[in-house]
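If you use this note's numbering, the sequence shown corresponds to residues 1 to 187, in order.
One or more hints might be untrue.
[Unchecked claim] Per label pair, the in silico range of CB-to-CB distance:
#1 Asp57 with His132: 35 to 45 Å
#2 Gly163 with Glu40: 27 to 37 Å
#3 Pro165 with Asp57: 16 to 26 Å
#4 Asp15 with Asn128: 39 to 49 Å
#5 Phe174 with Thr129: 18 to 28 Å
#6 Lys170 with Ser17: 49 to 59 Å
Derived from the structure by calculation, the hints contain no laboratory data.
The beta carbon of each residue, even a glycine, is placed where N, CA and C say it ideally should be.
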Amino acid sequence: LHELALRAKLRPSRDHSNELGKEAWKHVFKFIRKKTSTKEEAEDITLRAMERIAHPDFLEIWDHTKTGASFIKYLNATAHNTFVSYLKRKNAKLKTIMTAIDADHIKQLPDPHWNDLSVVLIRNERMNTIQHEINKLPEIHREIIMLKHVKELRYDEIAERLGIPVGTVKNRLFRGLACLRENLREN
Numbered sequence: 001l002h003e004l005a006l007r008a009k010l011r012p013s014r015d016h017s018n019e020l021g022k023e024a025w026k027h028v029f030k031f032i033r034k035k036t037s038t039k040e041e042a043e044d045i046t047l048r049a050m051e052r053i054a055h056p057d058f059l060e061i062w063d064h065t066k067t068g069a070s071f072i073k074y075l076n077a078t079a080h081n082t083f084v085s086y087l088k089r090k091n092a093k094l095k096t097i098m099t100a101i102d103a104d105h106i107k108q109l110p111d112p113h114w115n116d117l118s119v120v121l122i123r124n125e126r127m128n129t130i131q132h133e134i135n136k137l138p139e140i141h142r143e144i145i146m147l148k149h150v151k152e153l154r155y156d157e158i159a160e161r162l163g164i165p166v167g168t169v170k171n172r173l174f175r176g177l178a179c180l181r182e183n184l185r186e187n
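Could you put the whole structure together from the sequences, leaning on the hints where they help?
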C-alpha cells in the first residue's frame, strides 16, 4: 500500500488512483471488521472512511517525506477516527431512546466524554442490545419509538405521518417503551 500511495502521489493517474482505492478498501475493511459486530456495519463504516480517503486532499496531506510516515499508519488513523465518529453518532441517537426508557440504564454506562476506545466499545455493546430489543418489538410500537427518538419527530408529526390521532401515538409510545423497559430488565 505504501508503494501504491507513493506512485499515486508522485505520478498521479487514474490507474494509480483506482489501484490504490481497491487496495485501501480491502485494508480498511479488514481493519474495521475486527472492531464491529456485523459485516454490514463494517461495510458502512468502510464506505464512510473511503469517502474521506477518496478526497483529493487526502494524499496531499500525507507527508511521505517524514520519517516513519507510513501510508498504512495514516490509513489506519483515518479508519480508526471514522469508526469512533460512527460510534459517537450511533450512540447519540440511541441515547435518546435510553433516556426515554429509564435513567437508571444511563447511570450504568461510562461517561460519554471519555475517549478510551474500550469505553466506546462497552457503550456500543449496550446500544446494540437496545437496538436488538427494539427490533423485537411489535411493528406498531417499534415504528413509533424510532420516529420519536431516532428521527426526533413531534407527536403531531408522527400522528400525521401514520394517519392516527395524537393520543394513539402517545399511548403506543408509552406501551412500546414499557415493553422495551421490561425486555431490557430481563436481559
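The hints, checked one at a time:
no.	hint	verdict
1	Asp57 with His132: 35 to 45 Å	39 Å, holds
2	Gly163 with Glu40: 27 to 37 Å	32 Å, holds
3	Pro165 with Asp57: 16 to 26 Å	52 Å, violated
4	Asp15 with Asn128: 39 to 49 Å	41 Å, holds
5	Phe174 with Thr129: 18 to 28 Å	22 Å, holds
6	Lys170 with Ser17: 49 to 59 Å	54 Å, holds
Hint compliance for this structure: hint 3 is the single one not met.
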